[in-house]
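Under full-length UniProt numbering, the residue at position 35 of the sequence shown is numbered 35, and the numbers go up by one with no gaps.
Below are the PhoX-like pairs computed for lysine-lysine, each with C-alpha atoms no more than 25 Å apart in a straight line:
| hint | residue 1 | residue 2 |
| --- | --- | --- |
| 1 | Lys148 | Lys129 |
| 2 | Lys2 | Lys148 |
| 3 | Lys103 | Lys35 |
Keep in mind that the hints were calculated from the coordinates and are not lab data.
Bear in mind that the values here come from a model prediction, so they are computed numbers and not experimental data.
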Amino acid sequence: MKLENLSISLEVYQNESELSDDDQQLLARAAEQLKYAYAPYSRFRVGAALLLANGEIITGNNVENAAYPMCLCAEQTAMGAAASRFPDVPIVSLAVTVRNEAKLIDTPAGPCGACRQIISEAEDRHRQKISIIMRGESGPVFKLQSAKDLLPVSFSGTFLP
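Construct the complete structure from the given sequences, taking the supplied hints into account.
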């Protein structure tokens with residue numbers, strides 16, 4: 001057996017004021033979406049904002065369902081809207097922020113596994129990396145340069161006929 005190590009680079013900012021103006025704006029747009037999240041069961045609200053290569057910002061929020069597998073993630077609603085409105089325009093960056101009405105979240109929450117795969121597919125589709133900015137309610141901000149950093153061993157269309 002051979003053991004191989006995979007590593008990622010993660011930028012850690014003490015707070016959002018250390019980010020570029022563009023990243024701060026994108027994170028602010030994601031935070032605006034928290035108020036639109038429909039989360040009556042978990043009370044875990046998620047807001048997302050995408051910056052497209054044409055300069056457009058597309059937002060989304062999570063939408064829960066009593067049948068949990070039917071829930072829509074904020075990343076999915078934003079990416080679905082972007083794909084519908086601008087199907088040929090690559091996503092440059094994605095900002096995600098969370099709020100839990102039951103407790104303070106002081107560390108960034110990463111996208112779920114399904115969203116990681118969807119973001120990875122968007123990178124493959126447009127042959128362009130998507131930077132990912134993540135923030136909790138307070139505390140540090142994480143930034144990755146690619147979905148491949150979230151999902152280094154991903155499934156892709158290269159496996160299909």
